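Asks: When you get a sec, could you build the whole thing from the sequences and use the hints?
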Amino acid sequence: MPVVGGRARRAGLAGVLLLCGCLAGCESIPEEAYRLPPSSQGVREAQTRTFEVPAEANILQASVALMQDMDYNFDTIEYPLGVLSGSKTVDADSIARNAGLVAADIALVILAVIGGQVPGGSLYAQADDEIKLTVTMVVLPSLENEGQYTARITIRSELVDKSDHVKKVVMIEDPVVYQEIFEKLSKSLFLEGVQ
Amino acid sequence: MMRRSLQCLALCASVALAGCATATPDVTGSGSQLQTRQLQTRDYDTLDKEKTMRSVVATLQDLGFTIDTADPTLGTITGSRVYYESDYKNFTMRMTVTVREMEGKRVAVRANARLNDKAVADPLTYQDFFAALDKAMFLTLQQVD
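Heads up: the protein sequence lines correspond to chains F and A, in order. The first sequence: position 44 = 500 (this note's numbering), numbered continuously. The second sequence: position 83 = 168 (this note's numbering), numbered continuously.
Fair warning: there could be bad hints in the mix.
[Claimed, not checked] Below, a sample of chain A positions facing chain F; criterion: calculated Cβ distance under 10 Å:
#1 Glu135
#2 Arg139
#3 Val142
#4 Leu145
#5 Val205
#6 Gln228
[What the hints assert, rightly or not] Cut-off 25 Å, straight-line C-alpha distance, at most; resulting in silico cross-link-like pairs (SDA-like, lysine to any residue):
#7 A/Lys174 x F/Pro494
#8 F/Lys544 x A/Ser165
#9 A/Lys220 x A/Thr161
#10 F/Lys618 x A/Thr177
#11 F/Lys588 x A/Arg199
FYI, nobody ran anything at the bench for these hints, they're computed from the structure. Remember, predicted model here, so these are calculated numbers, not experimental data. Where is the CB? At the ideal position from N, CA and C, for every residue including glycine.
Replies: What follows is the structure, given as structure tokens:
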């Protein structure tokens with residue numbers, strides 16, 4: 457009799473575990489998923505710059521060239537809305553080895569951000585991991601002043617393991633990264649011959 | 086006793102699995118069409134269609150989305166985002182927003198959100214999105230003024 461009782465308890469426990477497991481599989485939307493973070497206004501300012509150029513084509517061409525300078529491939533270009541999206545995948549391990557190469561500076565900052573969020577501050581990326589960077593640029597005529605154009609850049613960084621599982625996702629908010637990109641955009645305008 | 090336990094286990098399994106899976110794929114959507122539209126739509130009378138679309142793009146950027154497609158003629162913008170909750174626990178969020186001109190210089194903004202493979206029906210999600218859009222619309226309006 458005690459043996460049957462033990463089996464019954466085990467079967468009941470298995471049922472509860474199965475129920476828990478299945479319910480855990482039914483994900484619900486994270487509460488703050490569509491909520492603006494408190495820092496959004498400051499981040500938006502860091503991500504935005506205004507440029508004064510003779511024509512819209514100048515800033516768009518310079519932006520396209522900038523994305524190419526930074527080794528991004530275009531995923532989407534929606535001209536009338538000024539949307540340019542590009543992405544690239546970098547080897548998490550080679551970034552550390554190749555520090556100083558084109559665009560590695562940005563990726564290093566991103567890697568540092570990812571590493572910094574791990575308890576103990578250890579570098580989270582493994583040798584086989586990759587970092588997928590996605591940049592969205594929106595370049596539009598300024599609503600405030602004629603002849604001026606605003607560019608806003610947002611960057612997402614995903615740390616992906618060799619099985620293509622996303623380990624971590626970070627939106628880059630460091631103003632230094634955006635400062636550097638806007639400096640490169642200014643230089644791109646100069647190289648395009650825009651005064 | 087043993088048979089009852091197995092029956093209980095089978096019942097637990099069927100209840101749990103029924104909550105997650107449906108026999109046929111959700112081809113035509115679920116819920117009332119009218120209720121869904123009411124939940125997902127908000128009317129604005131402050132900005133025109135083009136400036137509303139600018140505000141929608143800015144809102145999606147504020148919320149960490151990447152713009153996948155955008156069409157100014159049809160007024161549609163689709164963005165996606167991977168939401169990181171914890172290591173290896175991520176959600177893929179996808180949102181399509183449409184902006185339509187209405188009578189009397191009004192525009193209607195409708196948002197459809199999906200989380201992984203499911204449509205989002207939670208009213209709070211849309212309230213949060215439109216609260217973020219309200220802020221972006223306000224900032225755009227300030228630039229116009």
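Asks: Taking the hints in turn, state whether each one holds.
Replies: Evaluated hints:
Because the closest C-beta pair between A/Glu135 and chain F is about 9 Å apart, less than 10 Å, the hint holds. Contact between A/Arg139 and chain F, as hinted, is supported at the beta carbon level, the nearest pair being about 6 Å apart and thus within 10 Å. A cut of 10 Å between beta carbons decides the hint on A/Val142: the least distance to chain F is about 6 Å, and the hint holds. Here the hint on A/Leu145 is kept, as its CB sits about 9 Å from the closest CB of chain F, short of 10 Å.
For A/Val205, the interface hint holds, the least distance from its beta-carbon to any beta-carbon of chain F being 6 Å, beneath 10 Å. Nearest Cβ of chain F to the Cβ of A/Gln228: about 4 Å, under the 10 Å cut. The hint holds. Taken as a hint, the A/Lys174 and F/Pro494 pair is honoured in the structure, with Cα atoms around 23 Å apart against an allowance of 25 Å. As the CA atoms of F/Lys544 and A/Ser165 are separated by approximately 17 Å, the hinted pair is consistent with the 25 Å bound.
Proposed proximity of A/Lys220 and A/Thr161 is supported: the alpha carbons are some 20 Å apart, at most 25 Å. Restraint check for F/Lys618 and A/Thr177: the C-alpha separation of about 19 Å stays at or below 25 Å, so the hint holds. A hinted pair counts as satisfied when its Cα atoms are at most 25 Å apart, and F/Lys588 with A/Arg199 qualifies at roughly 22 Å.
Every hint, counting from the list given before, is met by this structure.
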